[in-house]
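S.K.: These are the residues of each chain, in order.
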Amino acid sequence: MQTKFISREQKRHDKKGERLSSQFYTVGKPAPRKDAIPKVTGQEKFTTDVVVPGMLYGRVLRSPYPHARVKRIDTSKAEAMGAVCITFEETPKIKYNERIVSIPSATFKDRTVLTGKPLHVGEPIAAVAAETEEKAEKALKLIEVEYEPLEAVFDPIVAMKPGKPNLHDHIIIEDKVVEIKNNIAAKLEIAEGDVEKGFQEADIVIEREAKLGRPYHAQLETKSAVCVPEPNGGVTIWTTTQTIHNCRILIGEIFGIPLNKVCVKKVALGGSFGSSIQMNTILPICVALALKAKKPVKLVSTREEDMYDHCRYSMIIKYKLGAKKDGRLVAGQMDVVVDIGAHNIQAYPLIGCMAGWLVDLYKIPHIKYSAKAVYTNKAPACAMQGFGNPQVNFIAQTMMNEIAEKLGLDPIEVELKNYVGLGDVFWGQGPTVRSVIRSCGVEELIKKGSEMIGWRNRGRPEEKKGDIVRGIGMARGFHTSGAGGPLPGEAVDFSGAMIKINEDGTVDVIASLQDMGGGALEAGLRIVAETLGVPLDCVELAPTDTCTSVYDVCLHATRGVYVGGGTLKKVAEQVRQKLLEYASRILGTYPQYLKIRPDEKRKQGIIYAEGISGKEITIREVAATARNKNWGTIAAVDSLRQAQCPPAYTVYFLEVEVNKRTGEVRPVRAVVGADCGTVIDPIYAVAQIHGSFYRGLSYALYEDTRYNRKTGELTNKGFLSGYNILKAPDMPNPDDVQVFFASTYEETGPFGAKGIGEAAINPVPAVVANAIYNAIGVWIRQTPITPERVLKALKEKGGE
Amino acid sequence: MEERKIRLKVNGKDCELSVKPNELLLNVLRNKLGLTGTKYGCGTGDCGACTVLINNEPRLSCLTLAVTVDGAEITTVEGLATNGKLHPIQEAFVKHGAIQCGFCIPGIVIMAKGLLDINPNPTVEEIKEALKGHLCRCTGYINIIKAIKAAALEMSKG
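Protein chains in written order, with the numbering used here: chain A, 223 to 1022; chain B, 2 to 159.
Among these hints, one or two may not hold up.
[What the hints assert, rightly or not] The list that follows gives simulated cross-link-like pairs (lysine-lysine, DSS-like), each with its CA atoms no further than 25 Å apart:
no. : chain 1 : residue 1 : chain 2 : residue 2
1   : A       : Lys-670   : A       : Lys-639
2   : A       : Lys-949   : B       : Lys-96
3   : B       : Lys-21    : A       : Lys-360
[What the hints assert, rightly or not] Quick list of the computed label-pair ranges, beta carbon to beta carbon:
no. : chain 1 : residue 1 : chain 2 : residue 2 : range
4   : A       : Gln-245   : B       : Glu-126   : 36 to 46 Å
5   : A       : Thr-770   : B       : Asn-32    : 22 to 32 Å
6   : A       : Pro-710   : B       : Met-156   : 52 to 62 Å
7   : A       : Gly-455   : B       : Pro-121   : 53 to 63 Å
8   : B       : Pro-121   : A       : Lys-540   : 53 to 63 Å
9   : A       : Lys-1019  : B       : Leu-66    : 50 to 60 Å
10  : B       : Glu-127   : A       : Ile-690   : 18 to 28 Å
11  : B       : Gly-159   : A       : Asn-955   : 53 to 63 Å
12  : B       : Asp-118   : A       : Pro-260   : 21 to 31 Å
13  : A       : Val-380   : B       : Lys-21    : 46 to 56 Å
14  : A       : Glu-475   : B       : Glu-126   : 52 to 62 Å
15  : B       : Pro-121   : A       : Glu-475   : 55 to 65 Å
16  : B       : Gly-159   : A       : Thr-770   : 40 to 50 Å
[Claimed, not checked] A short, non-exhaustive set of chain A residues, derived as facing chain B with CB atoms under 8 Å:
no. : residue
17  : Asp-257
18  : Glu-266
19  : Asp-271
20  : Gly-739
21  : Tyr-916
22  : Leu-942
23  : Ser-943
Please keep in mind that the hints were generated in silico from the structure rather than gathered at the bench.
Because the structure is a prediction, the values reported are computed rather than measured.
Every residue gets a Cβ at the ideal spot worked out from N, C-alpha and C, and that includes glycine.
All chains should be built: construct the whole structure from the sequences, respecting the hints.
M.R.: Here it is as structure tokens:
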């Protein structure tokens, strides 16, 4: 199914990359990030730090039942004590989907601001606002609710059976009512080639099942919002979000407010990892409270509330894989059941993306994929770093290792025979977003990484004696850079920005793209500085809101640098042209002969005509002249749709120590190779990998949200205390985590760059399982890989 | 509930406050003194985002009633830089890329100050152990450990 579209061009790109990188002023050079000082001194303002004079504090009344109908609700006592109350009876009934990254026909709307039919413990029923948090809490307790508990389902397989309660009778897609049967929220089937024929041709066929857990994002800042009702009938909002513009569109739609009266301000985000790809549930509640109170309202989720609000998609994946004796894959059949929880935030894009992650990993001539996303009475699952990719990677990469073992081949050899790379078609965001791969560092990463870890000396599991044994595993992954492509596709993907030169030669960057902390915008500033030829010191991110910025869809899909940075480069190039034109008027030369270089000492960009002495002027002088002579502001505003979605690649080599008596697994050493094209920010590209490695280890070994099947509550009741998570002492030492980069150049990206973030987590669960196999000779395909599961697997192996 | 008067020395400044007996130090710092650098992360002492120094010891302000620290000296993240100059720990966090979203950083920087005050040259293992009570979801702790090591070295030079 994969066809080579380009070949032998990689060398040219590499050469181009090398030539350019030596000329970079700012790109690729280490420099502290701009927001580091406010963050390290406690001055950075997050939503939770926003204070507005006269504001009330909101609290939310949440369902204690996993499935119920509210028969009666009475807020009179709470109102009598002076609290402002809202219930599901009076808030807008319009059904919405909080994530509008997909186009309307791919956006499934199944929820309202508040509900009288809660579908999970913690679902909001009513809310109050009062002058103090204490008073709001008291008021909350005075609301009387009579529930009719309904039968709940927690297992997606059970939920699909006839006779089980339907969580949603119908949902809305565009303006059409769509019936939901057997709790199946979305399904997808894709086939290419003839999978039966493929399996017949195979020399070896294995069939396995993986179960992947349901981690909670555990971002440090709980979901929060502040809303100020404005005299013009509009609202001003600060909120935890990956997309200020989509929050604005949704609030406008739900409350019927014209968008030019909905101002969502960009504010620092205390981590997210996907959990704010959607408008958070508390935001429309906060808006409804503020509109009723006619006063500003602040609503901050407690940690317990937050843990009932979002998590990663858990799933069961069955995979049948057939290969020839030489390790070449011939057929694959994957069947997926996803447990999406109570609401369909993005199950349809998820199962589409997963089909993509499957075909993007290996070239398999005959392939069949089917997926069902199923409602259950649990917290709604949403995007979390990797978006289905770590899950597919986990089963596929562990099975490839198993096939290699069974065939007596080196897993590396099998990888190199089958991987999707240069010239192949890549599905960046499911079947509708595809482009051709133009840069690929997989071979380089595998070869170098395997030498660094000592791959050939890793030994075989049966040779390892004693209770505490070590093993080395390898896994390879990738992720898209954005959701762009030559055709429109089902995902909206473009960004926009405004850049202007101030009268002193400094630069304002107005970009609605959010930064989750990974440094996407810090990289963006380097790209602007490089394009304009000014020192990084001259470039600052301006305070931004939806009224004064142009649209960006959302920070997701590892698109920050590639799409956001690409947009900033495009706009900065337009500013540069204007600068050169104005400078040429002053210098009496032609703009095409002018160049710009940063002068760090003078803190200015210097425009000069190469080789002609005296023909030189600072950007400050140009900008000041433009003002004094009434030429206008040197500025540009534009949008960019990237017509590609290049994959960033990562290869992990991990050494673990397994205690066969206790079942404990300890990661001890890692070598990580990454291909993100040109490295824009060397410190934070490495830091992204560190963080992703950590979260991947925690996903693989520790994290899961479990439910009490009787009460529908989380077994930890939403407390972080009862949630297993990897802590600092369990991480390998800093010197034992080595990161290196491929020498690739992505010709379609800004200065040759593509993304990195999600690529860096995707192979981590698989590499853990592969390393465990190398240590103790058993495959564990259920996350988290707890000591109990290790011991159980060892026991089963012993019983064979 | 009746409010009580307490005296605190916060970041070197004396202040007298009226607080309720059930009021948490975290909320007093954030809401009454406007020191929002100290963060709420969990309210159960699991994440360490609310860490402040109470009489030079790192403590969790989300589990501390303000009335119980009457007369104490409190240092928050806002009190580390002196005369506009970053503390060497802060410098090291900036230089070594230890800061991503930054929400956990005030608590971790304060903990590091407490650690280096009693153990000026900690091993990697000791730093990791000290970080046990802190949740950072962005960094994998690697650059944080490097930064604390580097700060210790810098501070030992006097």
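S.K.: Hint by hint, note whether the structure agrees.
M.R.: Hint check:
1. Taking the CA atoms of A/Lys-670 and A/Lys-639, the gap is about 17 Å. The hint holds against a cut of 25 Å.
2. A distance of roughly 23 Å separates the Cα atoms of A/Lys-949 and B/Lys-96; the hinted pair therefore holds under the 25 Å criterion.
3. Taking the CA atoms of B/Lys-21 and A/Lys-360, the gap is about 16 Å. The hint holds against a cut of 25 Å.
4. Range check, A/Gln-245 to B/Glu-126: Cβ separation about 44 Å, and the 36 to 46 Å hint holds.
5. Checked against the hint of 22 to 32 Å, the pair A/Thr-770 and B/Asn-32 passes, with Cβ atoms roughly 30 Å apart.
6. Distance hint check for A/Pro-710 and B/Met-156: the Cβ-Cβ separation is about 56 Å, which falls inside the suggested range of 52 to 62 Å.
7. One distance hint, 53 to 63 Å for the beta-carbon pair A/Gly-455 and B/Pro-121, holds here, with the actual separation near 60 Å.
8. Taken as a hint, the range 53 to 63 Å holds for the pair B/Pro-121 and A/Lys-540, whose Cβ atoms sit roughly 56 Å apart.
9. Taking the beta carbon of each, A/Lys-1019 and B/Leu-66 are about 53 Å apart, inside 50 to 60 Å as hinted.
10. Checked against the hint of 18 to 28 Å, the C-beta distance between B/Glu-127 and A/Ile-690 comes to roughly 23 Å, which is consistent with it.
11. Judged by the Cβ atoms, the range 53 to 63 Å given for B/Gly-159 and A/Asn-955 is violated: they are separated by roughly 28 Å.
12. With their beta carbons about 25 Å apart, B/Asp-118 and A/Pro-260 fall inside the hinted range of 21 to 31 Å.
13. Taking the beta carbon of each, A/Val-380 and B/Lys-21 are about 49 Å apart, inside 46 to 56 Å as hinted.
14. Separation of A/Glu-475 from B/Glu-126 is about 54 Å and conforms to the stated range, judged on CB atoms against 52 to 62 Å.
15. Between B/Pro-121 and A/Glu-475, the C-beta spacing of about 58 Å keeps the proposed range 55 to 65 Å intact.
16. Distance hint check for B/Gly-159 and A/Thr-770: the Cβ-Cβ separation is about 48 Å, which falls inside the suggested range of 40 to 50 Å.
17. Annotation: A/Asp-257 was flagged as interfacial toward chain B, and the flag holds, the nearest CB pair being 7 Å apart, inside 8 Å.
18. Interface hint at A/Glu-266: satisfied, since its Cβ lies 6 Å from the closest Cβ of chain B, which is below the 8 Å cut-off.
19. Proximity of A/Asp-271 to chain B holds as hinted, the smallest CB-CB distance being about 4 Å (cut-off 8 Å).
20. Satisfaction of the interface hint for A/Gly-739 is found here, the shortest Cβ-Cβ separation to chain B being roughly 3 Å, below the 8 Å cut-off.
21. At its closest, the beta carbon of A/Tyr-916 sits 3 Å from a beta carbon of chain B; the interface hint therefore holds under the 8 Å criterion.
22. Checking A/Leu-942 against chain B by beta carbon gives a least distance of about 4 Å; that is within 8 Å, so the hint holds.
23. Interface restraint check: A/Ser-943 against chain B, minimum CB-CB distance 5 Å, threshold 8 Å, status holds.
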